[in-house]
Each structure stands twice: as structure tokens, then as C-alpha cells.
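Residue numbers (the working numbering), protein chains in the order written: chain A, 6 to 177; chain B, 20 to 231.
One should not assume that every hint holds.
Unchecked claim - Straight-line Cα separation of at most 35 angstroms, DSBU-like style, residue types lysine-lysine; simulated pairs:
id, chain 1, residue 1, chain 2, residue 2
1, A, 58, B, 161
2, B, 192, B, 142
3, B, 192, A, 58
4, B, 142, A, 58
Claimed, not checked - Here are a few chain B residues that face chain A, going by a calculated C-beta distance under 8 angstroms:
id, residue
5, 25
6, 28
7, 29
8, 32
9, 33
10, 36
11, 37
12, 38
13, 43
14, 47
15, 49
16, 50
17, 142
18, 157
19, 166
20, 167
It should be emphasised that the hints constitute simulated quantities derived from the structure, not laboratory data. Cβ atoms here follow ideal geometry from the backbone N, Cα and C, with glycine treated the same way.
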Amino acid sequence: MSALNAMTEREIDETLQRGFRYAYSLTHDRAEAEDLLQEACVSILGASAPWDKAYVFTTIRNRFIDRYRRNQKVLFLPLEGERDGEMVEPRFAIEGWEAPDYLGNGQLDRALAALRPEERETIYLAVVEGYTAQEIAGMTGRPRGTILSLLHRTRQKLRRLLEGEDAAGARS
Amino acid sequence: MTTRNIDDQLRQYYLGAALEPASLERLRGVLTKTGEGSARPAERRDTSTRAWRVVALAASITVVFLAAAVLVLREPASDAPRVATAGLSERLAQEAARRHGRCIEEIDFQAEDLERLVAQMQKIDFTAGVPTRRALDRMKVKGAHYCVLDGQIAIHAVLVDESGEIVSLFETKAGPNLASLRSASHRMGRNDIDLWQESGVLYAAVFSSPAV
Numbered sequence: 006m007s008a009l010n011a012m013t014e015r016e017i018d019e020t021l022q023r024g025f026r027y028a029y030s031l032t033h034d035r036a037e038a039e040d041l042l043q044e045a046c047v048s049i050l051g052a053s054a055p056w057d058k059a060y061v062f063t064t065i066r067n068r069f070i071d072r073y074r075r076n077q078k079v080l081f082l083p084l085e086g087e088r089d090g091e092m093v094e095p096r097f098a099i100e101g102w103e104a105p106d107y108l109g110n111g112q113l114d115r116a117l118a119a120l121r122p123e124e125r126e127t128i129y130l131a132v133v134e135g136y137t138a139q140e141i142a143g144m145t146g147r148p149r150g151t152i153l154s155l156l157h158r159t160r161q162k163l164r165r166l167l168e169g170e171d172a173a174g175a176r177s
Numbered sequence: 020m021t022t023r024n025i026d027d028q029l030r031q032y033y034l035g036a037a038l039e040p041a042s043l044e045r046l047r048g049v050l051t052k053t054g055e056g057s058a059r060p061a062e063r064r065d066t067s068t069r070a071w072r073v074v075a076l077a078a079s080i081t082v083v084f085l086a087a088a089v090l091v092l093r094e095p096a097s098d099a100p101r102v103a104t105a106g107l108s109e110r111l112a113q114e115a116a117r118r119h120g121r122c123i124e125e126i127d128f129q130a131e132d133l134e135r136l137v138a139q140m141q142k143i144d145f146t147a148g149v150p151t152r153r154a155l156d157r158m159k160v161k162g163a164h165y166c167v168l169d170g171q172i173a174i175h176a177v178l179v180d181e182s183g184e185i186v187s188l189f190e191t192k193a194g195p196n197l198a199s200l201r202s203a204s205h206r207m208g209r210n211d212i213d214l215w216q217e218s219g220v221l222y223a224a225v226f227s228s229p230a231v
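Construct all of the structure, not just a fragment, from the sequences and the given hints.
Put into C-alpha cells, the structure is as follows:
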């Protein structure tokens, strides 16, 4: 509790909101994200671990991977086109879920739902949280080159998905 | 569409994904309660007195049953508290059923029986007990993990009944907001959820009917 006591209510709220957004980037489901964040809070304080953003993010990530591995909802798949040996680690992806449009931007919401969790996670950490590729590599245990490649491919994929929807909308 | 466009849209999208004020409040409550629980070891359970607690629990159950019977038979002065309790119990039942559906493979603690199982779980801010419901006595204990129920730290014990079906038993502190909730049953999809209180602990048991 000492780490928490040293923080203002605003700082605690800010960490909770960021933790929630990060969890949402992984799950693409509000209820799941809230659950993950709650579990992370309980786990961090139960272990008397430090209450800071980096630790909250790491705990959320570990809980996410644990949960879906245990529930056997995670498939370990190579990413599209990742056959050149650069990305050799297994990847996780959730099978058969469809995200509702919670946030009003239906087109982007659907495009994000079509991404794999690690793609959403990487682009979220880079674009919204402002982490560098090196920092994301440290957080996720992947090589920096892999992160750069993943970011590039994810942006391309999003662009394709968004433009595809635009074209479909124009035709109809 | 440019990279900048996509990045701007992403920023706007994710910054709009904020926790609702009620959820934020609840999580803040979890942090405070959990933190206080772990910071005051003197308040944790003394397992050596558990046997006495079980005896005391059994005695108090009789009193609780009598009191509950009196309250159930009495006509309430207004329907409002009953409606509020119904909403609360339904929300809790939903939360328990959701966790039952998703988290039964999460086993962080194991023991042969429920008493030994909950005795290992020291991070809670209430005295976890062994409920007196007879149906639960006959079940095998698979294990348990910490979870959150109604914004409070809780125990999720996973049991297996005689026919091999998984049963979830949740235990959490029956705080003031749960005081009016004594006992309720809900049917949600394939799940039957029983909620009840014993000695200041709120229990929720989730039973799944076999798929037809």
C-alpha cells in the first residue's frame, strides 16, 4: 500500500485508465479488459509489488496470456508473411470473437477487431502510449527489428482494411 | 490514407476507451481494500482457531436461518428495497456466472478440502469460511484463485460434483451494500446460481446443467 499512499487519487486514476486502455488493446472487449485490470490490481497489491504503470502493464499482459492459454482460446500462429525467419517466436491470437462497436468509430473498430492481439498491442504501445520500438521490445520480449516490422505490417493491414471498407461503401 | 491519419484515428479511438466512472470507483475501492488487507497482517485469519470458527459458524447458521425465516415471512413495508436487492443479486449472479464460464482453469491454490484450500489464501480482507450447504460437502476440490466479485477481492474455488460437472464457489466479504441480500437463486443460460450469506461472507455457487 505504501506505493499507493504516495500517489494522488488522480495519479491512481490515470494509471487505472491507462491500464484499462492497454488491456482493451489486447482483448478488444471492454468487459474482458476491465476483468484483466481488476485481476492485475489484485495480483499486484496481493504480492506487495510496486504500483506503477510499467508493472501494471506487465501484469495485465501476463494475466492476458495466462488466461487465454488456460482457456485454450489462444492459437499460436505465425503472422501473415512472416516466413523470412525474422519473426520466429510463436504468436497468440484469439479465435472466433467479434467485437461490438463500443466506441462509435465502427470502421476502425472492425478493422482493429480483425487484427491479432499482438498487432493491436504493439500499435497501441507505439502510437497511443508513445513507447519506442526498443522499449516495446523490452516490454514484450521481442527483438527490436520484429517490433519495427510488426508496426509497419500492422499499419499496412489497417490501411488495407480501412480502405477496403471505404471502397465497399462507395460501391454500395 | 496516410500513416498520420491512421495514428490520429487510433489515438482518438483508444483515448475514448475510458473506464466508466462507476468502474473506476470500484477499482479504486479494490485497490484500497486489497492494499489495506495486505498491510495489516494482524487482521488476517488465524488458522489455529478455525475449528472453533466452524463450530461457531454452525451455531450461528441456526440463528441466521431463524432470522431469515422471520424476515421472509414478514411483509416488507415497501417494495423498493426488495427491487434494489433483486437487481443487486442479479448483477452478482451474472458476474459469478461470467467468471464461472471463463476462469475455471485458473488454479493457483490446491488442497484436498475447502477448509485447507481457503486457509492458504491469506490476501483476502475477510474470514473465508466453509459453507454449510450439504451439496457442497460431497464435491471434490479442484483448486482456487483470487478474483474480484462486486468490486471486492474474492475467492473462486473450483469444485467437481459427483457427475463430474464443474461447480464454482465464490466467497467475498458481505459489505454494507450486500447486507440486504440474504439468499437468492437465479437461472442464467445453462447456469444455476445460488447466492447466500453466512457469518458476514457472501457465497455464490454456480452449477452448470449438462448440455442437452
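Hint check:
1. A distance of roughly 34 angstroms separates the Cα atoms of residue 58 (chain A) and residue 161 (chain B); the hinted pair therefore holds under the 35 angstroms criterion.
2. Straight-line distance between C-alpha atoms of residue 192 (chain B) and residue 142 (chain B) comes to about 13 angstroms, which keeps the hinted pair within the 35 angstroms bound.
3. Taking the CA atoms of residue 192 (chain B) and residue 58 (chain A), the gap is about 28 angstroms. The hint holds against a cut of 35 angstroms.
4. Restraint check for residue 142 (chain B) and residue 58 (chain A): the C-alpha separation of about 22 angstroms stays at or below 35 angstroms, so the hint holds.
5. At about 6 angstroms, the closest approach between the beta carbon of residue 25 (chain B) and any beta carbon in chain A falls short of 8 angstroms, and the interface hint on this residue holds.
6. Residue-level restraint check for residue 28 (chain B) holds (minimum Cβ-Cβ distance to chain A is 5 angstroms; threshold 8 angstroms).
7. At a threshold of 8 angstroms, the smallest CB-CB gap from residue 29 (chain B) to chain A is about 5 angstroms, leaving the interface hint in force.
8. Nearest Cβ of chain A to the Cβ of residue 32 (chain B): about 5 angstroms, under the 8 angstroms cut. The hint holds.
9. The interface hint given for residue 33 (chain B) holds, since its Cβ lies 5 angstroms from the closest Cβ of chain A, which is under the 8 angstroms cut-off.
10. A cut of 8 angstroms between beta carbons decides the hint on residue 36 (chain B): the least distance to chain A is about 5 angstroms, and the hint holds.
11. The restraint placing residue 37 (chain B) at the interface with chain A holds, with a minimum CB-CB distance near 6 angstroms, inside the 8 angstroms limit.
12. With 8 angstroms as the threshold, the beta carbon of residue 38 (chain B) comes within range of chain A, its nearest partner Cβ sitting at about 5 angstroms, so the hint holds.
13. Checking residue 43 (chain B) against chain A: minimum C-beta separation of about 6 angstroms stays under 8 angstroms; hint holds.
14. For residue 47 (chain B), the shortest C-beta to C-beta distance to chain A is roughly 6 angstroms, which falls under 8 angstroms, so the interface hint holds.
15. At about 5 angstroms, the closest approach between the beta carbon of residue 49 (chain B) and any beta carbon in chain A falls short of 8 angstroms, and the interface hint on this residue holds.
16. This hint holds: residue 50 (chain B) has a C-beta 6 angstroms from the nearest C-beta of chain A, less than the 8 angstroms allowed.
17. For residue 142 (chain B), the interface hint holds, the least distance from its beta-carbon to any beta-carbon of chain A being 4 angstroms, beneath 8 angstroms.
18. This hint is violated: residue 157 (chain B) has a C-beta 26 angstroms from the nearest C-beta of chain A, more than the 8 angstroms allowed.
19. The beta carbon of residue 166 (chain B) comes within 7 angstroms of a beta carbon in chain A, closer than 8 angstroms, and the hint placing it at the interface holds.
20. Checking residue 167 (chain B) against chain A: minimum C-beta separation of about 4 angstroms stays under 8 angstroms; hint holds.
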